[in-house]
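Read top to bottom, the protein sequences are chains B and C. With the working numbering, the residue at position 105 of the first sequence is 116, and numbering never jumps. With the working numbering, the residue at position 381 of the second sequence is 983, and numbering never jumps.
Read the hints as simulated data drawn from the structure, not as lab findings. Glycine included, each C-beta is placed from N, C-alpha and C at the ideal position. Keep in mind that the hints are not guaranteed to be accurate.
Part of the chain B face toward chain C, derived, beta carbon under 7 Å [claimed, not checked]:
#1 Arg60
#2 Lys84
#3 Leu162
#4 Pro218
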Amino acid sequence: MKILATYNIKGGVGKTSTAVNLSYLAAQDGLRVLLWDLDPQAAASYLFRIRPRVKGGGKALIKGSREIDDSIKGTDFADLDLLPADFTYRNLDLVLGATKKPTRRIARLLAPLSDQYDVIFLDCPPGISLLSESVLQAADSLLVPLIPTILSLRTLDQLTDFISSSDGQRPQVLAFFSMIDQRKTLHREIAERLPAERGDVAAASIPALSQIERMSVERAPVAAFAPHSRAAQSYQALWAEVRDRTL
Amino acid sequence: MQPFSSDVLLAADGPGQPGEEDVAAALAPRFALGAAGRARTVRRTWLDTFDWRLHRAGLTLEYVTGPRPAELVLATAAGNLVSQPAGRMSWPALVQDLPPGPVTAAVRPVAGIRALLPAARATSAVQDLRVLNPDTKTIAWIRADRTTVNHPAPARLPARFQVTAVRGYQPQAQRVSELLCAAAGLNGHPDRPLDAALAAAGQRAEAYSNKISVQLSPGMPARAALQAVLLQLLDTLEANVPGTIRDIDTEFLHDLRVSVRRTRSALKLAGEVLPARLPARFRPEFKWLGDLTTPTRDLDVYLLNYGDMAEALVSATPAELEPFHVHLARRRVLEQRALARGLRSAHFSQLAREWRGALTGLTVPRTGERAADLATRRLRRAHRRVLREGRVISAGSPAEQLHDLRKRCKELRYLLEIFASLFDPQAYQRTLKDLKGLQDCLGEFQDRQVQQQELREFAAQMMADRALSADPVPVTALLAMGELAGGIGRAQQQARDEFAERFGEFASPASNRRFLDLTESTGQSGGRGEPGGGRPGGGGE
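So that you can see chain B by itself, here it is in the shape it has in the complex:
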């Protein structure tokens, strides 16, 4: 079982769209996939039409007083399940803080699922917190969406430094450009140059496309409602590269 987390310190960079689309494509590839929507905003749960509610809330889940198995919901797609968000996830840091070895908690919770799933995607809220530290410890790879600006690159460096300075397991970092605006020269330049220069930036990238925004209307992954669209093809290319480099 591999654990892939979509993560960025910044918000609004396409983490949830990536998690939803890549988990869908992984399941289409025949892998057994679970997506855990860790963000209390519950966008991934919304996109799969699943109500953002976990019995006992995040506390029961993190403390292990309720089986993680019982909270998992099947999506409308074969081999793809979701562990929904819950509004109480906003307090996960506090709950984690009250446990022993909080940064290893997520890894320990997910370990028993290894016979059920081949891949688990973690859709993380933005920011650096105890939760993100626990995710970094659990994940085999971090998928980091970047908007092609200089500031985003600084954030990637900050993240890489943070990981290299942390104890325990260090996930592989794979960044990729997201929400590329083809009309902006800077976007185009950075998105073309960086993958050649840096090994931790994927060649595949995701343009800013209206089909991706339509996901919130269709409430489904792009490849499910517009399988031949450019958006779907972009996610296909990204998934192919992620699969080759991380699984």
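Mind docking chain C on chain B? Use the hints.
Leaving out everything else, chain C in the frame of chain B:
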């Protein structure tokens, strides 16, 4: 969507076939149906052994072909479904010829060496319907299955609906099932589809058994009892003829032979209650039939045990023994042909026809011996003979003496089986168990004796067959057969060593007491048969 183990199976109550609109109406307003995919047509073949081993074990096995890859689907008694890809199969087939998988693994110990035969065939229109909640999220699937039986007789089965919850939505799926039962006229206790398919043809599963199942009553005339048993034995014999001729599996011949032996024993031991011309005419006929089947069966026994024998070799290797295997397989082809010829012959069909005619034409005298009295008298005599012949056997007795005792034991066993329905079932089982221990020991001894003789004959045949060929029998093969002979000899000696103990158990006062209890139970109401029915105050003849 993860598979959910406790699917709910519903079926239409009557011949009406609820459609998609009926299902949608039953679920509204709480749930809606998503856009339905096109129905696909699948062909189903229900499979079981000739003696319904799967059905008796509560299993239903289907071979499903259609637009998707062919698969084998097994339903357990608890309603759980297991499936595996099957590729193109033709039936009948032995379990050992099925592709490996969870279905094969579950079926193998139940079916054993028996072939899987088509019990019924049908064509189904299958449609998967999505059940949506108010968020238009799929919370369950309904698989609608409309089946038309083609074989054994055309019939339309009530529509079936399998409700499968999407993971995490079990309570909602349960509600879906309840709504369908309440509003669409479905019920939650459907018959097994195979049973429904057979019922439509006026048939039923488990109709065949190689056990004597005629219900006798203690007071019925002995001749009527024997007539009923012999007719059932003839039915069983004839039921196994096509499978034996087609050589579907070894157990058709086995069951056929058992029917012949039981018939011969009944004629020998109780033939006196029949008109004298019947045993005189038919005993030689059934001996002919028995002899016809012996060579193939002996080879079957060899071939069924071959794997174990080859594995038990110490000095030689299984590969060195292989020429012997090839010889056995070739001989069997020849013997099977001769057997099939015999069973297709005018001689056999005349025998079967005339025997049935003779039995159905029997007149049953109103006076005469009662079934219970015949059973008691004959059983006691057979029991006494076993004891008498067994007591004089010592470590040095010739093999023929043990062989004769084995025949006496078989006669006793067949008498017990023929009259089984007259006895108290528990007393019957206890006596059978006492006898079985002794029979197993004698059977082992005698089978090994025969195998020793046959092995020498086979070796001579192999040498003779290849005497003129450029490819003589390898010396290593003969050496391996020599080792086999040594092993068989040791097993035979072991059986002889065990004889005294086995016979001691059978002849013990406790075992004798159980036998007496059994024979005394025949005329009483404790038996499985209807009490009375004979002459007033019956018995005492």
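Verification of the hints:
no.	hint	in the structure
1	Arg60	holds (4 Å)
2	Lys84	holds (3 Å)
3	Leu162	violated (38 Å)
4	Pro218	violated (29 Å)
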